[in-house]
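Based on these hints, arrange chain B on the given structure of chain A.
Next come the chains, spelled out residue by residue.
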Amino acid sequence: MLQRAATVAAALLLAAGCASREPVLAPRVAASAIPAQVELTAIPFFPQDEFQCGPAALATVLVHSGVATTPESLAPRMYLPARRGSLQVELIAAARSQQRIPYVLPPTLQALLDELNAGRPVVVLQNLGLESVPIWHFAVVVGYSASDETFVLRSGIERRKLERAPDFGRRWVLGKQWAMVVLKPGELPSDGDAARYLKSVTDVEAVKGAAGLAPAYRAALAKWPDNRVARFGLANALDAEGQVAAAQREYRELLALNPDDLAPLNNLADLLRRSGCRTQALATIDRALAVAATSDPLRPALEQTRSEIVAMPAGDGPGCGG
Amino acid sequence: MRNTMFVRLMSSMVIVALLNLGFVQSAIAAGIDTATVARLEDRTEALARIDAQLSRADVRDALIGLGVDPAQAKFRVGALTDAEVTLLDRELAQLPAAGDAGWILLVVLLGLLVWMFATGKLKLN
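Residue numbers (the numbering used here), protein chains in the order written: chain A, 327 to 648; chain B, 1350 to 1474.
Rather than coming from a laboratory, the hints here were simulated on the basis of the structure.
Heads up, a few of these hints could be off.
Each computed DSSO-like pair below joins lysine-lysine, with the alpha-carbon atoms no more than 30 angstroms apart [claimed, not checked]:
| hint | chain 1 | residue 1 | chain 2 | residue 2 |
| --- | --- | --- | --- | --- |
| 1 | A | K502 | A | K487 |
| 2 | A | K534 | A | K510 |
| 3 | A | K502 | A | K534 |
| 4 | A | K510 | B | K1470 |
| 5 | B | K1472 | A | K534 |
| 6 | A | K525 | B | K1470 |
| 7 | A | K510 | A | K487 |
| 8 | A | K549 | A | K525 |
| 9 | A | K525 | A | K502 |
Extracted from the complex, chain A is given alone in its bound form:
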């Protein structure tokens, strides 16, 4: 580590005289009608312990998002002792385990600025060293000033670190412009990328289950009303939360648009089975099996659902209707 730092220090000394003075923020602010200056002053600050910038940065954005946590309690979820640091992937996973949706922004300055303007602090990956001799660091961007050409960060042991925009830009570009926010279920990111957002939500669902995610899918549907994945996710989340009638409505809504949609047919049949409605469940799954190709990847799931329905006792429970 010392040898690496010495190499970088020497190189940075040599390079100090030729740092760029090109404005970064002013043209961006002028082009996109966002305020010239933003600073989220209420963002908490956790001065990092040795090598613990990951837990400190994540705690900063989680606490701002209403999660009661500390870097110390997050560290066992993400710190790699032998690497003396934390991976982006584990930062994301740790955020998921705190009932938040980690959302990796599109790698653009605009997306970063838009999130700050939406009031969300942004975790960024920076390379404080050189491309060939990297020194990786997580920091939290809490503001910028176009007139000063600076970014404001919670970083390391500095509560309010000002970085000149070209310096910030160079370090961030070397980190492949990686930036992440944490969203409460129901909050949408500022950019309009439905697929990117829904991927983040379904990743939470894949790891933690659908319960608690109904607001996240509902928010997506409010913005993208025709999105099939969002409506299917809403139905699954409602079902997982025990809102069976509401879940049924959403599955039927999907089937009204596309009567041969296998996944909602399967899940509706499964829901009907759990509600004791054998006749309807069987009719629903048979409709799916009638249209599913032999090679369809969902076919084994459909067959499994059918065998579970067939194993039900004969007769329908109360409230199953015709």
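This is chain B only, laid out in the frame that chain A set:
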């Protein structure tokens, strides 16, 4: 992780054969989850899913090898998606682990300056 290369090679043909079976494993029993439907349109994700079945144990062992408590390692692998597990299994050693050594850099930088003054390589006039 490297010692599983042999298993990988052996498994690759089986994986292809079992593609459909492996893919729907999580869908069976409790309905089809949203991610599965989103994945259906993305073949690379589907492949990551199968690979992940083999990779979880490897990644857990790799985390333990990097000093993570075994119980925590199991929990941490469980918090990853299949695609993330596959990424770690393939590229853990190359991925950036951010820990910051800014203070070390500062100390070395100051030390270097002092040394340059002391040896006359840098002078104030």
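Outcome of the hint check:
1. A:K502 - A:K487: Given pair K502 (chain A), K487 (chain A) holds - Cα atoms ~21 angstroms apart, limit 30 angstroms.
2. A:K534 - A:K510: holds, 15 angstroms
3. A:K502 - A:K534: holds, 28 angstroms
4. A:K510 - B:K1470: It is violated: about 56 angstroms lies between the C-alpha atoms, which goes past 30 angstroms.
5. B:K1472 - A:K534: violated, 61 angstroms
6. A:K525 - B:K1470: At roughly 56 angstroms apart (the allowed maximum being 30 angstroms), K1470 (chain B) and K525 (chain A) break the hint.
7. A:K510 - A:K487: OK: K510 (chain A) and K487 (chain A) at ~27 angstroms, within 30 angstroms.
8. A:K549 - A:K525: Holds, because 16 angstroms separates the two Cα atoms, which is no more than 30 angstroms.
9. A:K525 - A:K502: holds, 20 angstroms
Comparing the model with each earlier hint shows violations of hints 4, 5 and 6; every other hint is respected.
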